[in-house]
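Participant: Chains A and B are the protein sequences, given in the same order.
In this note's numbering, each residue's number is its place in the first sequence (first place is 1) plus 497.
In this note's numbering, each residue's number is its place in the second sequence (first place is 1) plus 497.
Any given hint could turn out to be false.
Which copy is meant is left open, because identical chains are indistinguishable; a pair holds if it fits in one copy or across any two.
What the hints assert, rightly or not - Mimicking SDA-like on lysine to any residue, the simulated pairs with C-alpha atoms at most 25 Å apart in a straight line are:
hint	residue 1	residue 2
1	Lys511	Leu574
2	Lys511	Arg620
3	Lys648	Ser850
4	Lys511	Gly851
5	Lys511	Arg837
6	Lys648	Leu699
7	Lys511	Ser850
8	Lys511	Arg627
9	Lys511	Phe575
Since the hints were made in silico from the structure, they are not lab data.
There are 2 protein chains.
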Amino acid sequence: MSRGRPYVRPLDLKRGCVDLSHGAGGRAMQQLIDELFVPAFAGGTAVARGDDGAVLPELAYGERAVIATDSHVVSPLFFPGGDIGSLSVHGTVNDLAMMGARPLYLSAGFVLEEGFGLGELARIVASMGRAARAAGVQIVTGDTKVVEQGKGDGVFITTTGFGALPAGRALSGAHARPGDRILLSGSIGDHGMAIMSLRESLAFETEIVSDSAALHDLVAALLAAVPSSSELADPARGLRLLRDPTRGGLASTLNEIALQSGVGIELDETAIPVRPQVAAACEFLGLDPLYVANEGKLVAVCAAADTDRALAALRAHPLGADAAIIGEITDDPQHFVQMRTGFGGRRNVDWLSGEQLPRIC
Amino acid sequence: MSRGRPYVRPLDLKRGCVDLSHGAGGRAMQQLIDELFVPAFAGGTAVARGDDGAVLPELAYGERAVIATDSHVVSPLFFPGGDIGSLSVHGTVNDLAMMGARPLYLSAGFVLEEGFGLGELARIVASMGRAARAAGVQIVTGDTKVVEQGKGDGVFITTTGFGALPAGRALSGAHARPGDRILLSGSIGDHGMAIMSLRESLAFETEIVSDSAALHDLVAALLAAVPSSSELADPARGLRLLRDPTRGGLASTLNEIALQSGVGIELDETAIPVRPQVAAACEFLGLDPLYVANEGKLVAVCAAADTDRALAALRAHPLGADAAIIGEITDDPQHFVQMRTGFGGRRNVDWLSGEQLPRIC
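Chain A extracted, bound-state conformation (with noise of 0.2 Å):
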């Protein structure tokens, strides 16, 4: 792993902290790499080889690479369920599979802040390798800089994802048709609400637990089951899109898809799980779940005559066993989205127009 290279001693995990030298292209850089991120991506076989980029084997015939960005930012790194490495992986692979792809390879770009624990580091780059293994997606090029004190905030992760997609499938947020329903796999708020309950020291019976995970394999399962329309010859049949409704909530992504799509969209808000403890924790703080980040949940739109094998499939697997039919698509010249509330009233759904929840991924 190490190339060869003699330092003279290895990296202080324990009391060692990220300096200027890290950053500077130069045998501190080389050291970092060897010694922290080589060993944690290992697998990744083009990041020990030292190369500007990695050569990637060639896809199967017909598929089509497919690429997705996330920058990741989030405060503070470390909360219930993961941190900004694990995160930083699953958020990407989400884009992929929400595009239908199967996500194969990931690059990271770090932006480290000079004084940053390289313990600290350790652990991040630690969680990221084993979220990459457990996704089964290889991290094969990088790159890290570091900025001086109070220029940055501990770490910064860009992961770019790129995927394979099968040939003749589509999904895109433009697809949702009227009579169309709208799925979600699972209970909202739940990323955002961890996050949050640790920054405001919130300590409810029940630990809040972000989501996040990959849910690539789950999609996996949902198209096995309803192909998307673009792979049928009945354009009255099958998956329409997948959205993960991460920043700007629920309620962001549905208004979204209403504007792409050119339609409305009306909700069940009793059809919406939430947890009691992350509702309890909104109406504390204020928020509305509908708004808060997710990052292991995803909103599907299938034709009406497919809605139950989609949901079945989804429920079939681990990470969607609480998953819904929640709205249907309509036709609204407006596209607004709008929610049949408990009370048997109904009330717009607009797009989130503050800052709800500054840095939740």
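Use these hints to put chain B onto chain A, whose structure you have.
Facilitator: Using the frame of chain A, we list chain B on its own:
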């Protein structure tokens, strides 16, 4: 472009600032994307579609995908010869070019600091767009996050490049062999000293201008004259590797090559071009130009028999007009980089061991 969103008023590029809502996933973020990013990156159709990632067109038969990533934290953000926007395109385009790949697509992840001027951001993004169009690459997907004032430094940009490697072509830092010649495409130290002169408010008769440039076209010209050794029947012919000597400068790049290939390197100091004002600035600041970053230069290692052909190809291109043969690969089990000095002596050119120039790219 605006996809029909009814923003109450357009972004105020004169007095407006980035605030936390621009990274929150709601209406403000969409407005930033619609009014600032999409027009600047025009041509990258996937950006305008609003999905989680971009589906790329298929590569030609036998071509392989190459990915490379670079985080950019240069300070100051604007400098003679470029800015963080153009640099973030050139840096990643060049990483792809050094692998022998034709650059095709870029993703861009932005970490913005609250309070950063929207006008400055617009300038940077416009510069990125121009640099991408000039290099023939499309910016196809991206992400924007915002951190609180004092937790970032204006803007950090991570770009990931996606390119196509023609069948049979292989360049790697591990391919140098004793007897090979080392070529450099032009003068060293220009980028680093442009930044340092600005930081230290040095004034010279002639302003030092960064050499920041996209090198893929120069590489194409070189490879047309001298194909990679892997494409030739005779192992004593062809181009072995390309590297751009960025952070850590020429010295660090050559040490990396020596180590990766398990060889030694002998340089001729008098053959290495350094502009007079760069030499003067280095002397003033006590810096060695061998360790100063370049952003528009390449090191090429080729079989001795192809040296003249390679040199002629470089010199025939505007970006390689000052190209020179600077040394050769030797058989040295210690993998030292040694230099014959102008005075007839010899010295060891070691790895950069301190930080030298932080935040140079």
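Participant: Against this structure, judge whether each hint is valid.
Facilitator: The hints, checked one at a time:
1. Lys511 x Leu574: The answer is within: 18 Å in one copy meets 25 Å, while 35 Å across copies does not.
2. Lys511 x Arg620: Within one copy only: 11 Å inside a chain, 43 Å across chains, cut-off 25 Å.
3. Lys648 x Ser850: between (28 Å within a copy, 23 Å between copies)
4. Lys511 x Gly851: So Lys511 and Gly851 pass the 25 Å test across copies only (22 Å; inside, 41 Å).
5. Lys511 x Arg837: neither (55 Å within a copy, 43 Å between copies)
6. Lys648 x Leu699: between (29 Å within a copy, 24 Å between copies)
7. Lys511 x Ser850: between (44 Å within a copy, 22 Å between copies)
8. Lys511 x Arg627: within (21 Å within a copy, 46 Å between copies)
9. Lys511 x Phe575: within (18 Å within a copy, 38 Å between copies)
In this structure, only the earlier hint numbered 5 is contradicted, and the remaining ones agree with it.
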